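Trainee: Can you build the whole structure from these sequences, using the hints too?
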Amino acid sequence: CPSEACSRWGGAKVFASHTSSAQPQSWGKFCRLSANSGPVCRGTTKYKTDIYMECDRSITTDDSKPVFQQSMSRGCTKVLFWSSPYACHSERTSCTHTAGDKFFDFTPLQANPGEMAWKTQHNGDEYYVNLCGSIPDFTGCDPETAVCLHTSKGGWLNIGMTSTQEIIGTTDDHIQIKFSGRHKCRDATSHVTIDMSCGLSGLTLDRNDENLCTYEFLWSTPYACHVEDTIQKWTKCEDQLKSNEYDGLVFLPNKLKSSDGMSVVEGDSAQRTFHVSLCGGNSHCTHGSSVCYTNSSGLTTNVATSSLQTIMTQGTSMWIQMNSTDGFSHAIVNVECVDDSADVSRAETMEFVKVTTSTAGSERHTFYHFNMWTKKGCSFSTPTTAPYTPTNHHKSTDNGGDHSGGSGSSGSGGTSSTVVALLVTLVVLMVAAIFLGFIFYKKERRDRFINLFKNKSSEPVKYEKLPMTLTEETSLLEEGSSGSEHGEGSGEEEGEGGGGEGGKRRPRD
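In UniProt numbering, the protein residues as written are 1 to 509.
Simulated from the structure, these hints should not be mistaken for lab results.
In this text the structure is predicted, and so the values were computed from the model without any measurement.
Take these hints with a grain of salt, some might be off.
Claimed, not checked - Quick list of in silico lysine to any residue cross-link-like pairs, SDA-like style, CA-CA up to 25 Å: (1) K178 x S84; (2) K233 x G281; (3) K233 x F328; (4) K375 x F352; (5) K376 x E238; (6) K102 x W319.
Claimed, not checked - Okay, the calculated beta carbon distance ranges per label pair: (7) F81 x V265: 42 to 52 Å; (8) F68 x D105: 21 to 31 Å; (9) T44 x K153: 45 to 55 Å; (10) V265 x R186: 41 to 51 Å; (11) E216 x L299: 42 to 52 Å; (12) F68 x R364: 42 to 52 Å; (13) L299 x V67: 49 to 59 Å; (14) S307 x K376: 20 to 30 Å.
A virtual CB, placed ideally from N, CA and C, is assigned to each residue, including glycine.
Mentor: As structure tokens, then:
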């Protein structure tokens, strides 16, 4: 059927309405779509089709179809009803949560239309996440999807819908955001749990069970911080910032200061080139700004200045947020320390991650996210209290702060050998304990085991007479029987009667 709406009855076309359509109109609980300019129906009247779209979120499959309802205007207007989740109003999910006297605001993490959603990768699969709205439609995700899975085989699965969002406060610094989706595994509907926690590690997939249709993510971000002692904060670039987790790791943000900064191209499109300088001004920017970008026309726009900044450290990461003087523009650089045992080729490099925006009333904030790896901005020494054991986060460059950490401190080789030796010792002790338990469980085994370790006696060995054979024992019995008969005939006491020694019993050895 070449037209937008048509029907067939007995193989004959009854009506057709071509693709010149009017704008959708709100009609009570329906959204009415009108397709006009069909062929002539009667006189000058042309065929027309009205499709009444009704929101139905209970439909979890994508095969819903319009249903013919009636004909109007003497058969020239055809009316169809169509129930579909795509007819539902676009809902912006909540990005804030209050737990007691704690207020959490995740709006800087939201992806607005036209922006790339947060992405993390696992075993070849790509997961797109938007906490505060649907994922942009330039992915393969359906409308109203908050969490979408792009499988390694090329399929797209809607595993979390925006309308199902639920925010739960578990502890002061721990928030869970839950979604359910249309995708089904066997008889189960997909469920997504995102654990928001205070930190700098970004978004990662923790575990998934495709049989049960459950997906669990970890999102470690400063926007989930409210307990002061879980993360260290500064407002100035100091000479040394000690790690609160690893005794032996010191951050050196002042060594990252450069008047030229680092130039980073925005994605593959190369529409903008960002110039980022930490802890000081940038020669590419104006008015003392530290971060700015240049568009394809050569126009430079200031983003933020390091004079208005917050520095946070946790583990092996340093998170630097710089703000503009008007407070509406922000640059966020997630710096990861690497050492000689890590991929040093990534040291002193930076990449552009994404842009996010948040709107509060008439105020619109823009956040520019970057990842950076550094060797000179950190100092590793032999740990004295806690070994440096970096986490292998950030496998995707679109991971919103995700980046690969180093593989250890300069003393990591000796630490590894010590750990191996301890493990071997524990295994040997466990085997010995099991063996002794088996030996001493029964008294007979215990006595035999103890006798193995008794001192050998120096006294001469006493040999006992070997037991007689069966033939010797039989002869002796016959001899004794004969002597007994002689003793009875003489009437004397046993042992003294006739026959002398024949009447005596020979003691048995």
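Trainee: Are the hints correct? Go through all of them and say.
Mentor: For each hint, the structure was consulted:
1. Between the alpha carbons of K178 and S84 the distance comes to roughly 23 Å, so the proposed pair stays at or under 25 Å and holds.
2. Proximity of K233 to G281 is assessed by CA-CA distance (about 21 Å); at most 25 Å being required, the pair is judged to hold.
3. Taken as a hint, the K233 and F328 pair is honoured in the structure, with Cα atoms around 21 Å apart against an allowance of 25 Å.
4. Our distance criterion of 25 Å between C-alpha atoms is met by K375 and F352, whose separation comes to about 19 Å.
5. For the suggested pair K376 and E238, the alpha carbons sit about 14 Å apart, so the restraint of at most 25 Å is met.
6. Proposed proximity of K102 and W319 is supported: the alpha carbons are some 22 Å apart, at most 25 Å.
7. Between F81 and V265 the beta carbon distance is about 50 Å. The supplied range of 42 to 52 Å therefore holds.
8. Taking 21 to 31 Å as the suggested C-beta distance range, the pair F68 and D105 does not conform, at roughly 49 Å.
9. Between T44 and K153 the C-beta distance comes to about 54 Å, which sits within the given range of 45 to 55 Å.
10. V265 and R186 have their C-beta atoms about 45 Å apart, which keeps the hinted 41 to 51 Å range intact.
11. As the Cβ distance of E216 to L299 is approximately 44 Å, the hint placing it in 42 to 52 Å holds.
12. Distance hint check: the CB atoms of F68 and R364 are about 46 Å apart, consistent with the given range 42 to 52 Å.
13. Range check, L299 to V67: about 54 Å between beta-carbon atoms, so the 49 to 59 Å window is met.
14. Checked against the hint of 20 to 30 Å, the C-beta distance between S307 and K376 comes to roughly 23 Å, which is consistent with it.
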